[in-house]
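Participant: Following the hints, position chain E against chain R.
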Amino acid sequence: MRSNAKLRRSSRRIEHALRWVLALAALACLGGCATQTVQPWQRGRLARWDMRWDPDPLQAAMNQHAYFSKEGTSGEIGAAGGGCGCN
Amino acid sequence: MSLRIALAVALVAAASMGFAVEPGAAAPDFRLMPFAGTKSASLSDYRGKVVLVDFWASWCGPCRQSLPLYNNLQADFPADDFAIVAIGLDEDTADALAFLREHPIKYTALQNPKGDVAQAFGLKGMPSSYLIDRNGVVRYRHIGFEPRDIDALKREIAALIATH
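The listed protein sequences derive, respectively, from chains R and E.
Using my numbering, the letters of the first sequence map in sequence onto residues -2 to 84.
Using my numbering, the letters of the second sequence map in sequence onto residues 2 to 165.
These are computed hints drawn from the structure, not numbers from a lab.
Since this is a predicted model, take the numbers as computed values, not measurements.
Pair by pair, the computed Cβ-Cβ distance ranges are:
id, chain 1, residue 1, chain 2, residue 2, range
1, R, 17, E, 48, 55 to 63 Å
2, R, 17, E, 126, 41 to 49 Å
3, R, 46, E, 48, 38 to 46 Å
4, E, 94, R, 12, 51 to 59 Å
Far from chain E, by Cβ distances over 12 Å, these chain R residues were calculated:
id, residue
5, 0
6, 6
7, 11
8, 58
Just a sample of chain E residues kept apart from chain R, beta carbon distances all over 12 Å, derived:
id, residue
9, 23
10, 72
11, 79
12, 84
13, 98
14, 156
15, 160
16, 162
C-beta: ideal position from N, C-alpha, C; glycine also.
This is chain E alone, in the form it adopts within the complex:
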């Protein structure tokens, strides 16, 4: 009887414990619709490039800084080597569209109102970004954003482009 109770407690604990993608693990693939256009995109489309997957939302304060700054980041590296995929997690897509009108971006923005991709990555905070190498392996994870984080990102991207 006590064994059964212990098993039940362990099960509930396991179900509630968050799974998170750590650096070194393969990035979970996804296929999502963009905010502009009708053609869906998936992470595997970018295989062979270094990819920055960034999770954002209109209600996320630091995202107001990070999304515009990523425009320059994309411009700093060749499009054949590096791509940014920004995944909007607003439950109401209209909020995200208003945000994108206010902060125009030059890279791919995909929508995930259900949040299942965020779930698959096991986000620990907002915003979160994952730097993925050419083989689809997560190399760096950043939680939160400050403008000076861009310098570290640049170094990491340059290193990943150079290694393969």
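Just chain R, same shape as in the assembly:
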């Protein structure tokens, strides 16, 4: 009976240690992301037009216009408009 309790205690200790190891390993992995920066000569893919936030500048300008025409009265984007879409 007593040896059984001892066994249980030691297995709990191992479990505890393993949990720490796992947490530390996860932390180390997080730090790994910070060391992998994109170098200046590796920006080819990032420079592609389809990687842009707004791939089509004209479409973006039109969307912006419709947006501030609709939301202008609530002062959404800087100067307020009447909401008529005529500015």
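Facilitator: Frame of chain R; chain E shown alone:
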């Protein structure tokens, strides 16, 4: 234990810190294939000349100005004294070839899709150029490009040609 952790942190920091070739240091040698032709070229082939090593890519905006302007630069100095070596860093060589068709150049263009030469020089930005003296030592480094930079380059090249 804490010493070991500190050591590990220092190691990771050292690995992530960029090494860069500064003026005054020897230029790292390289051997690369050209975009046109089958004969590889290395920096040591140019020993005895002042060399402008320029790193460019098809996606680099200022390179559209710098590469054509370097044509005149090459014409301004004797070929025995001065050479330009333009290293293209496009991962896809087809992109670089299309760029060169659009902007024809009269000097040597080498390809380095892996970017290991850029790594060896420790590029801080695109484009970057290194002016190397007759003994293979980097004398000037330029990061970025504006058309008026050509005048400074001309002065530096003339001075380097004259000193040795």
